[in-house]
Amino acid sequence: MMKLVLNEIKVTKGILILFTCILVLIIPISLVFSTVAFNCLQATDDIVKEETLQNELAFDISNAGSKTIAFLDTLDCESVSYTFDFKKKFDREVSCFVGDTAINDVLAIVNLNDKISKELKDERLLKGYSFFNFDNSADDYISVWINKKTSIKYGIDIADVINIKNDEKNLSLQVKGIYSDVSGIPSMFVSFDSANSIFKHFGVSIKKSVTITEKTYTDARRLSSELKKQGINYSSTVFEMVDDYFQYYYMFFSVLLTLSFMIMSISLIMFFTYSRLIQFKRKYYINMLLVLGMSRIRIAVIYFIILEILIIVTSIVSTGVIGIFYGYISEMVSGIFELEIYNFSFAYETIIYTIFVMSFFVFLGILNLYIKLKKINEIETLRGN
Amino acid sequence: MIELKNICKSFDDAMVIKDLSLVIEKENFVSIVGKSGSGKTTLLNMIGTLDFPDSGIISVDNINISKFSQREIAEYRNRKIGFVFQSFFLEPSFDVFHNVAVPLYISGEKDIQKRVEEVLKLVGMNDYIKKKVSKLSGGEQQRVCIARAIVNNPEIILADEPCGNLDSTNSAIIIDLLKTLAENGKKVVLVTHDMDDARKSERIVTLGDGMIMSDELL
Numbered sequence: 003m004m005k006l007v008l009n010e011i012k013v014t015k016g017i018l019i020l021f022t023c024i025l026v027l028i029i030p031i032s033l034v035f036s037t038v039a040f041n042c043l044q045a046t047d048d049i050v051k052e053e054t055l056q057n058e059l060a061f062d063i064s065n066a067g068s069k070t071i072a073f074l075d076t077l078d079c080e081s082v083s084y085t086f087d088f089k090k091k092f093d094r095e096v097s098c099f100v101g102d103t104a105i106n107d108v109l110a111i112v113n114l115n116d117k118i119s120k121e122l123k124d125e126r127l128l129k130g131y132s133f134f135n136f137d138n139s140a141d142d143y144i145s146v147w148i149n150k151k152t153s154i155k156y157g158i159d160i161a162d163v164i165n166i167k168n169d170e171k172n173l174s175l176q177v178k179g180i181y182s183d184v185s186g187i188p189s190m191f192v193s194f195d196s197a198n199s200i201f202k203h204f205g206v207s208i209k210k211s212v213t214i215t216e217k218t219y220t221d222a223r224r225l226s227s228e229l230k231k232q233g234i235n236y237s238s239t240v241f242e243m244v245d246d247y248f249q250y251y252y253m254f255f256s257v258l259l260t261l262s263f264m265i266m267s268i269s270l271i272m273f274f275t276y277s278r279l280i281q282f283k284r285k286y287y288i289n290m291l292l293v294l295g296m297s298r299i300r301i302a303v304i305y306f307i308i309l310e311i312l313i314i315v316t317s318i319v320s321t322g323v324i325g326i327f328y329g330y331i332s333e334m335v336s337g338i339f340e341l342e343i344y345n346f347s348f349a350y351e352t353i354i355y356t357i358f359v360m361s362f363f364v365f366l367g368i369l370n371l372y373i374k375l376k377k378i379n380e381i382e383t384l385r386g387n
Numbered sequence: 014m015i016e017l018k019n020i021c022k023s024f025d026d027a028m029v030i031k032d033l034s035l036v037i038e039k040e041n042f043v044s045i046v047g048k049s050g051s052g053k054t055t056l057l058n059m060i061g062t063l064d065f066p067d068s069g070i071i072s073v074d075n076i077n078i079s080k081f082s083q084r085e086i087a088e089y090r091n092r093k094i095g096f097v098f099q100s101f102f103l104e105p106s107f108d109v110f111h112n113v114a115v116p117l118y119i120s121g122e123k124d125i126q127k128r129v130e131e132v133l134k135l136v137g138m139n140d141y142i143k144k145k146v147s148k149l150s151g152g153e154q155q156r157v158c159i160a161r162a163i164v165n166n167p168e169i170i171l172a173d174e175p176c177g178n179l180d181s182t183n184s185a186i187i188i189d190l191l192k193t194l195a196e197n198g199k200k201v202v203l204v205t206h207d208m209d210d211a212r213k214s215e216r217i218v219t220l221g222d223g224m225i226m227s228d229e230l231l
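Taken in order, these protein sequences are the chains called A and B.
Heads up, the first sequence is in my numbering, so the first residue is 3 and it goes up one at a time.
Heads up, the second sequence is in my numbering, so the first residue is 14 and it goes up one at a time.
Simulated from the structure, these hints should not be mistaken for laboratory data.
Be aware that a few hints might be false.
What the hints assert, rightly or not - In silico DMTMM-like links for lysine to aspartate or glutamate, alpha-carbon gap of 20 angstroms or less:
#1 B/K192 - B/E131
#2 A/K376 - B/D140
#3 A/K374 - B/D64
#4 A/K285 - B/D64
Okay, chain A solo, but in the shape it has when bound:
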């Protein structure tokens, strides 16, 4: 088979040289566009990583409905200093967890989907938390749950009343439950509604969020779509910010990739022309192969391999040429499109993308050849010869 391929390359070298010249124009341009495109995609990931490292990726669930799993984040209390007035006097800030009114509901939601639960556990958001000892009878006060550590350290039990206050106001809360966690610090847990009441009382708006640490944008997106599927509402502030970057660069990624695709699609005309030329110029040879017992599919494969070799060689050579001038090209392209891409690099995906798309076009061209081969009448061709 390879011998026939090599023979055919020798015989049709004129056509192949002509098409190589065309490909040498098409492939480098397409490579440049697709390279910048993949750099845009890379840039998005870089931005997300940066944001993740600096701020942690967070879902803001301010507008979340009752079915919300966001009981898991440390409340950002930096803006207000609260003093918790327990039985044993102390004066310190306490980590405050905010959650849904009904913990069981929350857990039920989490348990709805093992995958979500696993994701959350993997993120250490659920690990170590268990809720117990609930008392739903007390409803005269805003209720809270405290962790076991707090309960032991300060001798607080169910139905005890805790006062929290700042310089101007104070508010009484009743311990409704005690939970255990892995935290070594005193902490308390309040429902969203309670948290709203507490912070409203102190005149502060709260930020309620689920923090997902060290997540990539893609992973966070996947998790959020899982939550959505379960009917769990959320909104995202960091997402929105990242989305802006993402959309900006994704737009360029799509535009440039489309441009690259369009440039490459010129080759489709070329491959169809090649197929026609082969039918015309190699008619008797093809017929000879058919008569000598070669199947049509194998004949088509010969020409497919020839074009594949042509594409791979041209792509590799083009990549080398671009590599030499890459610095200038990348500056020029990012200048034209005003892209802020750091560490502009030649992505290996580019050449794979180019070869893949070109191979697809070759396949279409050769499919056309194969269909035409099926119409060859050996006897007619024998007579014609």
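Chain A is fixed; fit chain B onto it per the hints.
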């Protein structure tokens, strides 16, 4: 054994073969003769699966070749049949070696060099192995064709007017070559309009109007 049973074939409403039955079993060198349009080439093409009968059965070694799939046809043409045509059907850009080697490339044989040299020696063309076929004379080209036809060691050689484009000297060489092949156990079916060539075979089947007019053992 080649067996044709009640074969009918028509082109554009004109019946070329009419209920023809023929068995080629014992004789290794059979000539099919007849006037132009008598159906001899059509008959040969049908044996070679280049064409198919409208009705009737063609079987080779008791296998009905009319029912072959595309893959079986390719296999049959490559392994079982060797074609020799009037117009040589060689690839002009290849040298003698590559032209003869094509059936071996197709079948995926390994020892191509050795086999090609063997058959070229047999047809007396081993000195031309690296020569472009376009540089060869008609007789030499036809000998290359015969070498290509036998390189895969097929059982049947179908020769359609192999001397049609050759002078008498070269014609004699080609017919002698075919005769040698027949003597070596190949079944050669020769289509010709030249009775002198036909008389060198073991049996002459004369066609006329798509029917067998005479069947003569020599």
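Status of the hints after comparison with the structure:
1. B/K192 - B/E131: 18 angstroms, holds
2. A/K376 - B/D140: 38 angstroms, violated
3. A/K374 - B/D64: Holds: A/K374 and B/D64 sit about 19 angstroms apart, inside 20 angstroms.
4. A/K285 - B/D64: 19 angstroms, holds
Checked against the numbered hints given earlier, the structure breaks only hint 2 and satisfies all the rest.
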